[in-house]
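Chains as they are written, first to last, in our numbering: chain A, 1 to 214; chain B, 1 to 337; chain C, 1 to 223.
None of these hints come from the bench; they were simulated from the model. Watch out, some of these pointers could steer you wrong.
[What the hints assert, rightly or not] Under the rule of at most 20 angstroms between Cα atoms (straight-line distance), these lysine to aspartate or glutamate pairs were calculated in the DMTMM-like manner:
(1) Lys183(B) - Asp183(C)
(2) Lys207(A) - Glu15(A)
(3) Lys183(B) - Glu92(C)
(4) Lys183(B) - Asp247(B)
(5) Lys183(B) - Glu249(B)
[As the list claims (entries may be wrong)] In silico negatives: residues of chain B with every beta carbon more than 12 angstroms from chain A:
(6) Val30
(7) Pro93
(8) Phe99
(9) Val107
(10) Val128
(11) Gln131
(12) Ala132
(13) Pro135
(14) Ala137
(15) Ala160
(16) Leu164
(17) Pro166
(18) Asp167
These numbers were taken from a predicted model, which means no experiment stands behind them. Virtual Cβ for every residue (Gly too), placed ideally from N, Cα, C.
Residue-level listing of the chains:
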Amino acid sequence: MADAGMISEREDGVERLRLGFWRENPILVQALGMCPVLAVSNTGVNALTMSLATTFVLLSSAIVISTIRGIIPRQVRLACFVLVIATFVTLTDMAVEAFALELHQALGAFLPLIVVNCMILSRIEIMASRQPISVAALDAIGMGAGFMLGLVTLGSLRELLGRGTLFGAQVMPDRFEPWQVMQLPGGGFFTLAALVIGFTLLDRSLKRWREVPA
Amino acid sequence: MMPSSHLLSLRGAPHLHADSAVPRLMLHSVIALLPVSVFAVFLFGLAALATVAVAILACLLAERVCGPRSALGDGSAILTGLLLGLSLPPALPLWMVAFGAFVAVAVGKHLFGGLGGPAFHPVLVGRVFLQAAFPSAMAQAWVAPLAAGRATELPATSLALPFLTPDAPYDGISGATPLSALKAGEAGEPLLSLWLGTVSGSVGETSALLLLLGGLYLVYRRVIDWRIPAALLGSVALFSAVLHAIDPERFPAMMTALGSGALMLGAWFLATDPGISPTTRRGAWLYGLAIGLLVVVIRQFSGQAEGVMYALLLGSALTPHIDRWTRPKPLSEGVEE
Amino acid sequence: MTEQRGGSGLASVLRIQGVLVAIALSAGLAIALVHEWTRPMVMAQRGGLLGDAALEVMPGAASYRIYVRSADGGLRPMGDDDTPELFIGLDEGGHIVGAAVVGSGMGYADVIQLVYGVDPAAGRLTGMRVVASRETPGLGSVIVDDKDWVDTFTRIHLPFDGEQNLRNLRVRSNANHEQGEVDAISGATVSVVSVTRIISSSLADWLPILKAEFDELSGGDRG
């Protein structure tokens, strides 16, 4: 931390976008922000709303912080970051409550708790506070998309096995016996574990597949 | 335990302390469970037979798929299947039985490193998965004991198609277990039938006497550490006697508590698994005591009618701590006697 | 940033404070604006869930007034910061047709919040809806999902003893609804008992108030 300050080399925005989605996926690789991931991934809709809200907060905070990064004093940068993030979280929370009360109740405390999602703070500290707006925004979008990939896959799986539906539409046979555990927090834990295993295996075989012809 | 030595070298603690004799341990355990299995078939008929058979077959299949080929013959998969089958409600759809058995072996055993590796008993992992995934089936798939026609036909719910809810409703009310009847404030079973086992319940948990007999056989054969069941049953007896003395209306008597539910099955056959129980004498006493206390607390002060399964899981979570605490040199070989 | 490294001079302190204050002010402004904008929508919906449930448990009610208990034990209309405690149902003509009480208490997994309708004059319940609960899906959740069971609350009579105290609701298989008994559901014992316990204890609180105030409210309404 000593000297790094706000000065670092300019990153490639498009590369950041790609990395955030896959190789540095916040859920499946970095395992950041696990609390909302496990708590509100019981249905596809909840997962989608949560990841959209998180992405919105991340993107807006990244743009604002990147814009004012020149005037933020180093000594109080974390306070500034949290102020900005908390503002956008509060705005999101109020908007969701006004326009989608049912979703607001389903997400409960986890909507306001986006403010402590460590994925957001880490992106702001690593990227937005040191990079120009375009790079910060692309990084935020990549991370947000990666968060969404993980969360929506998790939510869909849990909804499919735990309720027999997908985004509210019945897809399993009528008499399908729902695996209730998938709707409980425990189901979130081991579905996430299974997803991480699956992701790692997939990534490994993709890499192998890419290397063979080369 | 297994001929291929490279497998052994991969393994972390806790180690089985009698690895050359796994088939012998398994054989004696199966022998000890035979009386109660035969009794279960007499009590619940085809339903019990099918449940146990499907559980064993599914465990063998999962072992074949996930485990090293050489391990198939050591009998541990058969014992896992037998114990799981005995711990399930008799009218449970057979696909759930197979599913649970597969989870027990594939997840509960091999994801944790195979025989000797798991910190939690694979049978309990399988059963707790079923309990969490299909709570309404697990709470209702009981069969009234000694029902007419039990020798020739399966309960309709057993034959539900894979992953589907059975067409027929569960016979949950006439077959309610003694413990759930007690929980609902209804009269319990007479003590004699509770101990003989002519009551409703999971396939092989009803007859406390036969399970006690099997357990004593294992102690005689030195397969299990007698301190664990002694401490466990003693602590259940102690705590239920105290509670019963405080409020006889609300809390069942000691002998009722000892003879009901999965207590005997759990105390003699599950808690004693060397992979999940402490290795020291003092540890064994503590472990049994803690599980017994948990059993009484869960049965009497929670929404659950039966708490043996969760008590055993929590108890085995304590094992590493008990081991560390009761062993002066953490890295010593650690096996007394 | 380099000019700040060595010193903590007055200028740098002022600058830090200035930036913080500026950010905080902008944040406050943004929040205040959005709050003003969304507040009417939020208030219209809040109480909405409870209100919808209240209308369902008061037969004949088309609208309601919301009351809370005041400090002296009486009733007062709900203010901005209150949560609804009592709904008085009004029919199309504005006459009082019933009351619905918000009750809550511990269930199997978490707090159960419910609304039940009561007809204090006739000594019977007029309905029950669970508004918020986290009971085990498939078992305890029958208190929400099992329509037949939920409907029995429209038929349950509450016997009063000589002192006008309510006898507690009881849970039994083969329940006699006339005697204040609620059907047990196999596998959902705790949730069912919780619901009846919540209603019983809430009624014990509310019945004296209802009996005292109901006539006054309805009299005042008609007059």
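Where does the structure disagree with the numbered hints, that is, which hint numbers, in rising order?
Violated hints: 3, 7, 8, 9, 10, 11, 12, 13, 14, 15, 16, 17, 18; rest satisfied.
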